[in-house]
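Visitor: One-letter residues, chain by chain:
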Amino acid sequence: MIPLSWLLLLSAVLFCIGVVGVLVRRNAIVIFMSIELMLNASNLAFVAFARHLNSLDGQVFVFFVMTVAAAEVAVGLAIIVNLFRLRETVFVDEINLLKG
Amino acid sequence: MITVLFVAFAAILVVSSLLVILHRNPLTSALFLVLAFCSLAAIYLLLHAEFIGLVQVVVYAGAIMVLFLFVIMYLNLGHDVEGGVTLVLRRGLGWLLGAVLVAEGALLLAGRLAPGPATPAALTGAAAGPGNTQQVGLLLYSRYLFPFEITSIILLVAMIGVIVIARGLREPAPAEAPAASAPVVAAAPEESPGEDA
Numbered sequence: 001m002i003p004l005s006w007l008l009l010l011s012a013v014l015f016c017i018g019v020v021g022v023l024v025r026r027n028a029i030v031i032f033m034s035i036e037l038m039l040n041a042s043n044l045a046f047v048a049f050a051r052h053l054n055s056l057d058g059q060v061f062v063f064f065v066m067t068v069a070a071a072e073v074a075v076g077l078a079i080i081v082n083l084f085r086l087r088e089t090v091f092v093d094e095i096n097l098l099k100g
Numbered sequence: 001m002i003t004v005l006f007v008a009f010a011a012i013l014v015v016s017s018l019l020v021i022l023h024r025n026p027l028t029s030a031l032f033l034v035l036a037f038c039s040l041a042a043i044y045l046l047l048h049a050e051f052i053g054l055v056q057v058v059v060y061a062g063a064i065m066v067l068f069l070f071v072i073m074y075l076n077l078g079h080d081v082e083g084g085v086t087l088v089l090r091r092g093l094g095w096l097l098g099a100v101l102v103a104e105g106a107l108l109l110a111g112r113l114a115p116g117p118a119t120p121a122a123l124t125g126a127a128a129g130p131g132n133t134q135q136v137g138l139l140l141y142s143r144y145l146f147p148f149e150i151t152s153i154i155l156l157v158a159m160i161g162v163i164v165i166a167r168g169l170r171e172p173a174p175a176e177a178p179a180a181s182a183p184v185v186a187a188a189p190e191e192s193p194g195e196d197a
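Here the protein sequences come in this chain order: F and G. Mapped onto the working numbering, the consecutive letters of the first sequence carry residue numbers 1 to 100. Mapped onto the working numbering, the consecutive letters of the second sequence carry residue numbers 1 to 197.
Derived from the structure by calculation, the hints contain no laboratory data. Just to be clear, a hint being listed does not mean it is correct.
What the hints assert, rightly or not - Have a look at the derived ranges for each label pair, beta carbon to beta carbon:
| id | chain 1 | residue 1 | chain 2 | residue 2 | range |
| --- | --- | --- | --- | --- | --- |
| 1 | G | R91 | F | R87 | 18 to 28 Å |
| 2 | F | F91 | G | V58 | 24 to 34 Å |
| 3 | F | I79 | G | V7 | 33 to 43 Å |
| 4 | F | E88 | G | A99 | 31 to 41 Å |
| 5 | G | V7 | F | L53 | 15 to 25 Å |
| 6 | G | A110 | F | R87 | 37 to 47 Å |
| 7 | G | A106 | F | F91 | 28 to 38 Å |
| 8 | F | E88 | G | G161 | 19 to 29 Å |
| 9 | G | V4 | F | V92 | 34 to 44 Å |
Note that this is a predicted model, so its numbers are computed, not measured. We put the beta carbon where it would ideally sit given N, CA and C, even for glycine.
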């Protein structure tokens with residue numbers, strides 16, 4: 001039996017890796033992948049607590065999170081493709097359309 | 001046995017997600033992300049969340065990563081390596097803030113690393129009843145029916161939004177006809193190229 005604390009520790013490590021990826025990388029697509037890692041960390045915590053509390057509600061919430069993640073990825077990648085057409089780059093340092 | 005499998009898959013998960021953020025090539029990062037999602041699906045299976053594990057493989061490692069790889073190859077980013085003047089400063093600041101977050105978590109965990117209440121070994125209701133997929137489906141269509149319908153609206157909105165965004169700036173073509181017929185108005189032709197800039 002896997003202890004709950006191990007799962008939560010793994011989830012926290014995964015979330016931290018995602019945060020570092022968002023902070024360190026400049027490529028917008030890699031930043032998106034890091035956001036996916038953070039979402040997966042929260043999903044792991046949901047499943048761990050669902051297992052711990054012997055209830056299925058956490059797994060249903062993981063299902064909803066996956067749906068929202070799929071929608072978010074589709075919209076975000078469309079924005080990136082459009083931005084690439086406009087500026088010929090995906091590096092977030094060079095994308096400063098909103099800078100005054 | 002389950003513990004050994006869990007440790008192995010957790011190690012694969014952590015190493016591959018570290019490689020996702022550390023590798024310079026975005027294509028390799030995406031492929032390591034597939035590996036991370038697959039090992040996470042294996043951990044879900046170890047936690048007796050069979051439905052979620054399979055959905056993880058189908059939706060994340062299948063659909064979402066195919067979308068990522070499609071965009072990377074469509075934009076021809078396979079050899080687009082990061083570099084720049086402010087890179088060192090930005091990267092140093094990023095690592096510093098990430099280390100602060102990790103230290104904060106470690107500090108919070110340091111006092112209470114005790115195993116805590118043990119998960120009940122024998123599942124009373126879940127293991128005895130029907131399969132995991134059937135239980136999740138029953139819950140999804142009874143107690144969570146309304147949120148379930150909301151997610152379908154979210155998907156519809158996302159689909160319409162993606163089509164509108166990815167269609168690009170093709171509107172000047174029909175807008176050009178009235179502008180050409182009335183060349184006296186100087187403001188109208190000014191506005192449509194203004195969107196391109």
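Visitor: Taking the hints in turn, state whether each one holds.
Guide: Hints, one by one, checked against the model:
Between G:R91 and F:R87 the C-beta distance comes to about 22 Å, which sits within the given range of 18 to 28 Å. Restraint check, F:F91 to G:V58: a C-beta distance of roughly 32 Å satisfies the suggested window 24 to 34 Å. Against the hinted window of 33 to 43 Å, the Cβ-Cβ separation of F:I79 and G:V7 comes to about 39 Å, which satisfies the hint. At about 34 Å, the CB distance of F:E88 to G:A99 agrees with the hint of 31 to 41 Å.
The hinted window of 15 to 25 Å between G:V7 and F:L53 holds, with their beta carbons roughly 23 Å apart. At about 45 Å, the CB distance of G:A110 to F:R87 agrees with the hint of 37 to 47 Å. Checked against the hint of 28 to 38 Å, the pair G:A106 and F:F91 passes, with Cβ atoms roughly 32 Å apart. Between F:E88 and G:G161 the C-beta distance comes to about 24 Å, which sits within the given range of 19 to 29 Å.
Take G:V4 and F:V92: their Cβ atoms lie about 41 Å apart, and the range 34 to 44 Å holds.
Taken one by one, the earlier hints all hold for this structure without exception.
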